[in-house]
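Single-letter residue listing:
2 protein chains.
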Amino acid sequence: MYDMTIQLHMDGGKHLYEQIYEHIKREIREGKLLTGERLPSTRSMAEYLQVARSTVDTAYGQLLSEGYIESRPYRGYFVCKMDELFRLEDVERRTASGPVSADKGNRSAGSAGFASENGGNDYRNGQEAEEGAVSGVESRKSVQYDFSPHAIDMSAFPFNVWMRITKNILSESDSSLFAQGEPQGDLVLRTTISRYLHSSRGVNCSPEQIIVGAGNDYLLLLLEKILGRHVRIAMENPTYKRAYRIFQSFAYTIVAVDMDENGMSAAGLESENVTAAYVMPSHQFPTGTVMPIGRRAELLRWADGEESRYLIEDDYDSEFRYRGKPIPSLQASDRRGKVIYIGTFSKAIAPAIRVSYMVLPERLLERYRKECFFYSTTVSRIDQRILNEFIQNGHFERYLNKMRKIYRGKHELLLELLQPFKKAFCLSGENAGLHLLLTARDGRTEEELIAGARDLGVKVYGMSDSFIQSNPTQKATILLGYGGLSEEQIRQGMDLLKKAWL
Amino acid sequence: MYDMTIQLHMDGGKHLYEQIYEHIKREIREGKLLTGERLPSTRSMAEYLQVARSTVDTAYGQLLSEGYIESRPYRGYFVCKMDELFRLEDVERRTASGPVSADKGNRSAGSAGFASENGGNDYRNGQEAEEGAVSGVESRKSVQYDFSPHAIDMSAFPFNVWMRITKNILSESDSSLFAQGEPQGDLVLRTTISRYLHSSRGVNCSPEQIIVGAGNDYLLLLLEKILGRHVRIAMENPTYKRAYRIFQSFAYTIVAVDMDENGMSAAGLESENVTAAYVMPSHQFPTGTVMPIGRRAELLRWADGEESRYLIEDDYDSEFRYRGKPIPSLQASDRRGKVIYIGTFSKAIAPAIRVSYMVLPERLLERYRKECFFYSTTVSRIDQRILNEFIQNGHFERYLNKMRKIYRGKHELLLELLQPFKKAFCLSGENAGLHLLLTARDGRTEEELIAGARDLGVKVYGMSDSFIQSNPTQKATILLGYGGLSEEQIRQGMDLLKKAWL
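Keeping their order, the protein sequence lines are chains P and B. Residue 1 is where the first sequence starts when you use our numbering, and the numbers rise one by one after that. Residue 1 is where the second sequence starts when you use our numbering, and the numbers rise one by one after that.
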C-alpha cells in the first residue's frame, strides 16, 4: 500500500489539491509509485490528510485527466504505465525553444507542470503494444530524445509579428470585433483561405464553400450532421487514430480497408459497400505514403459511382514536402464535387491556433445550410482577424518557407544518419512530413526495438498504435519523428539508437 | 425582371464578386429589388457581366449566407423578406459604441458591410408571424430603434485592459502558450471558473467537472455524445429556439411541456416520460420567468426518480438581476448530481469571447472521459489565459458591476416609460435580464403591433418566434430588449411606440 505521507502547506500559497496533485505526480515520476499500483481511496486519503474529500477528488481528477492514473470501476485508482509519463516529463523539460505537439498530435506540450493531455489517452486505449516494455529499473531512465512523430518546432515562430498584429487589431477598439462572427467564419478569412488553398494546394473552391472551425474534431462533428448518422466509412489500416475514435463516437460503421504501396485500394471500397472514405493522399499517417495520381483517379471514379459517396481528404501536413514536385490535393482533381477537404493551421502555424477549415462540395453545402446554420462559429472574430492578417501580409508564407528549410535540414540529416541502419532496416516515408519509418528486416518485435531505445533514454514510437485492425503480416515498424528535435539532438539520439539497435 | 446594370471596376481595388455582392445588397436595401423578386440565374448574370460564373456564384453565396436572398430548388434565387434586412441595416449603422448581439442572440453585429448572420436564419425558418407585416411603402422606413432582446451593450467594455492583458501574455514568448491545451480546458481557467461559479451562482463543482468549449452549441454537441442519441427531452414552450434547433439536429424527441407562471411543470415531465429537461430557471427565455424554489425542488425530485434523468440548466444571463435577492442556480440545490449546468461569457463579456462552460455531474464526467476524451479543445490556450487573467485580476467583476449599473438604469427608465402602457398592456419579466414583455390586453395581434411599430421606425420582436408548438391561448406578446440601446434611444423609441400603440 502506498505511503500517504504528504507535507501539506496551509499558508495559502498553493491550493491543497494542487499540492496533493503535485506530490503524487512527483512520486509517480520518480518511480516511488509504480505502474499498476493502487492509490488510496479518496475517502481514506482525505481522512488521513484531514482535508475535504472534494479536495482529493480534484487532485485525483487532475492526475486522471493528465493520464498519470486511471480509474477502474469498483476497484479504484491505479498508476498508469510509465510509458506515457516519460513523454510528458520530456515535454515539460523543454523550454521556450522547444517543440510542441500539433493538432494531429497525440499530446500537447504543457506549461507550468500542467502538461496537457490529448491523444495521450489515445495510446492508453489503443493497442497495448508498448506495455511489455515498461518494467525494470533501466527502463525508467528518463527520456533525453523524443522522436515523437507529432511534435513540431516552434523555435522560429515570429512571436513578435503575431503580437504586433494582435495589438494593432485590438487597438482599433472596434466593437464589431467583439461581436460574434458568421457561423461559417468571417468572409474575409474564408476568402484568404480559399486563395491560399488554391495557390498552394490546387484546391478549387469559393469562400462560401469553406467552413472555419476550432479544430478538425469540431469540423468532423459538423460533418456528422451533414453526412448523417448511418455512414459506412472506409479507413486505411493503419490510419490516424484520433479520426478513428471520432468516427467511432458517431457510431459510424468503420471498415478497415487494407492498403498497398499506393494507399487505399479502390477495389476494397467497392466490395465493402461503403459510402465514405477517409484518406490522407498527400501524406498518409502513419505510413507516409503519397498516393499516386492513378490511385487518386480510381478513388474519384469510385466516388462518382453513386451520388451518396464522398471522399474525406485530410490534408494535415502537406506543407512539408522535400522530394519530387509538389503534389496537389485530391480535391484539385475532383470535377464532380465528391471530395470533402479538411485542413488545419495547427501544424503549419501552431497547435494553439485553433483554426481548421473544411471545404464542402456544393451539394453538401446545401445540407450544411439546412442542418448546421444554427451552430454558431467556434472561432472568435479577433482570432480570425489575426490569422487573416498573418496570412495576408505574407508572414505565413515567409514562416512556412523558413520552416520548410528547417525541417528539410533535419530531414536530410536524419536520412544521412540512417545510412548505417539500412542493412537491418527498411526505410520508408521519406518524401514528406515530419517523420520517417524504419521496418526491421529481421524478426525483432516493435516492443523489443522500443524497449532497447528506451533503455538508452530514447523514445521512439511503434506503428502498431495506429492499426485499427490487427495486421499479423506487418513487420515491426518504428516511427521516427524529427520535428521537435534540434539537429544536435537528432545526432545524439541517432547515436544512441545505433548502439541500441545495430 | 431585374435590371442587371452593374458598374464593375476592374482596377483591382475590390474583387469582382464583392462588387456584385455589394451592388445587389444595396439594391435590396434601397428597395429597388423587392421581397420575393427573382434574381437572374448565375449563368445569365455571368454572361451579361462577362465574368466567370464562379464569381457570380460567390457573390450570390455571400448574399445567401447573409440572408439577403434565398435559394429555391429548381427555381432560382429570390430576395428575402425585408424584415430581416432592416435589422441588419440597423446593426451596421451602429458605430463602435453600439450594441452587439450575444450568444443567445438571433444575430450578431456586422462590420464593414459584412453583417454577420446567425440566428437570422432562426427567424427565417421559424414561425412566419411577422411576414404579413412586411408590405407597403411605409414599412420600408428604416429602423431607428431596435429593441432586440439579444443585443448587449459593449460601450463600457475595457478594451484597453483586454489589450494590455493580451500584450503581456504574448510578450512572454512562451511557446507552451502556442501548444494545444487540455481537451477540457486548461486547469487554471477551470479553477477560476469554478470559483467564480461558486461565489456568484452557488454552483458546487470542482475544476475537473468543468468542460470549457467554444460556445454553448459546441458544448451541446459534446453533450449529445455523453447523453446518447435516443433522448426524449422536455423543453418549455416558448423556449430558446437555437437550443431547440440543435436538439432537433440531434434527432432528439422534443416534447414541449407547457409552463405555468412558475415555469416548467414537473407533472408534465412525469407524464411525458422524458429523460432530460432543458430549463432556464434563473431567467427563462423569452418569458422572463424566475423559477421559485418550490418548483425547483419538484424538478430535482423528478430527476431523482430515475438514474437516467437529467436537468440541463442554461444559466445564460443570470448576471443581470435587478429585483429581489439573488437566486442561486438550480445546480446549487442539486445534491444528487442531476443537473448539467451550462453558462457562457458571451453575454457577460462579449459574444466574441467564444468561451462557454459546462459543469457535469460526476456520473456524466465518467461518460465524458469515455466518449469525448479524444475531442481536442476548441479554445486556444492564449484566449484561455487572457480570459483567466481578466477574471482573476478583478476586471470581470468590475466590468460586471459596471454593466449591472448600466443595465439597471436602462431597465428602470424603461419601466418608468412603460407606465402609460399599463392600461392596454400587461407587463412581465421585469425581475432580470435585458428585456421586458408586454402582452396586449385587447385583441390586437402580434403582427399588428410589430407592423405598427415598424411604420414609425421601431423594431420590436414577437414572442411567437419562440414557440416550438402552437399555443392558441397565448395573447399577443412583444419582447422589448433594451440592452443595445442608449437611454436616449430608449426614450425616443418609447415615444414612437406610444404613438404607434396607444
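Among the hints, erroneous ones may be present.
Claimed, not checked - Calculated lysine-lysine pairs in the DSBU-like style (CA-CA distance at most 30 Å, straight line):
1. B/Lys-459 with B/Lys-423
2. B/Lys-370 with B/Lys-423
3. B/Lys-405 with B/Lys-370
4. P/Lys-167 with B/Lys-14
5. B/Lys-370 with P/Lys-225
6. B/Lys-167 with P/Lys-402
7. B/Lys-167 with P/Lys-14
8. P/Lys-459 with B/Lys-370
9. B/Lys-370 with P/Lys-167
10. P/Lys-402 with P/Lys-423
11. B/Lys-402 with P/Lys-225
12. B/Lys-423 with P/Lys-370
13. B/Lys-499 with P/Lys-167
14. B/Lys-167 with B/Lys-423
To be verified - Listed next, the stretches of chain B that the computed footprint assigns to chain P, with coverage defined by at least 3 CB atoms under 8 Å from CB atoms of chain P:
15. 265 to 274
16. 403 to 413
17. 433 to 439
18. 478 to 487
19. 493 to 502
It is worth saying that the hints were derived from the structure and are not from the lab. Note that CB positions come from ideal geometry on N, CA and C, so glycine has one too.
Hint-by-hint comparison with the structure:
Straight-line distance between C-alpha atoms of B/Lys-459 and B/Lys-423 comes to about 22 Å, which keeps the hinted pair within the 30 Å bound. Restraint check for B/Lys-370 and B/Lys-423: not satisfied, since their Cα atoms lie roughly 58 Å apart, outside the 30 Å limit. At most 30 Å may separate the alpha-carbon atoms for a hinted pair to count; B/Lys-405 and B/Lys-370 exceed this at roughly 44 Å. Of the pairs offered as hints, the one joining P/Lys-167 and B/Lys-14 holds, with about 26 Å between alpha carbons and a cut-off of 30 Å not exceeded.
Note on B/Lys-370 and P/Lys-225: the hinted pairing holds, with a Cα-Cα distance of about 21 Å set against a maximum of 30 Å. Using a Cα cut-off of 30 Å, the hinted pair B/Lys-167 and P/Lys-402 holds, with the two alpha carbons roughly 25 Å apart. Simply put, B/Lys-167 and P/Lys-14 have alpha-carbon atoms about 26 Å apart, close enough for the 30 Å limit, and the pair holds. For the hint linking P/Lys-459 to B/Lys-370, the alpha-carbon distance of about 27 Å falls within 30 Å, and the restraint holds.
Between the alpha carbons of B/Lys-370 and P/Lys-167 the distance comes to roughly 40 Å, so the proposed pair goes past 30 Å and is violated. At most 30 Å may separate the alpha-carbon atoms for a hinted pair to count; P/Lys-402 and P/Lys-423 exceed this at roughly 34 Å. Distance restraint check for B/Lys-402 and P/Lys-225: the Cα-Cα separation of roughly 41 Å exceeds the 30 Å cut-off, and the hinted pair is therefore not satisfied. Between B/Lys-423 and P/Lys-370 the alpha-carbon distance is near 43 Å, which puts this suggested pair outside the 30 Å criterion.
Pair hint B/Lys-499 plus P/Lys-167 does not hold up; C-alpha atoms about 47 Å apart against a cutoff of 30 Å. At most 30 Å may separate the alpha-carbon atoms for a hinted pair to count; B/Lys-167 and B/Lys-423 exceed this at roughly 55 Å. Counting residues of the stretch 265 to 274 of chain B whose beta-carbon sits less than 8 Å from any beta-carbon of chain P gives 0, not enough to reach three: the coverage restraint is violated. Given as covered by chain P, the stretch 403 to 413 of chain B fails the check, having 0 residues with a CB less than 8 Å from a CB of that chain where 3 are the minimum.
Judged by the Cβ-Cβ criterion of 8 Å, the stretch 433 to 439 of chain B is not covered by chain P as claimed, because only 0 of its residues qualify and three are needed. Given as covered by chain P, the stretch 478 to 487 of chain B fails the check, having 0 residues with a CB less than 8 Å from a CB of that chain where 3 are the minimum. Remark: the stretch 493 to 502 of chain B is not confirmed as covered by chain P, as 0 of its residues place a Cβ nearer than 8 Å to a Cβ of that chain, below the required three.
Hints 2, 3, 9, 10, 11, 12, 13, 14, 15, 16, 17, 18 and 19 from the earlier list are contradicted by this structure; the remaining hints agree with it.
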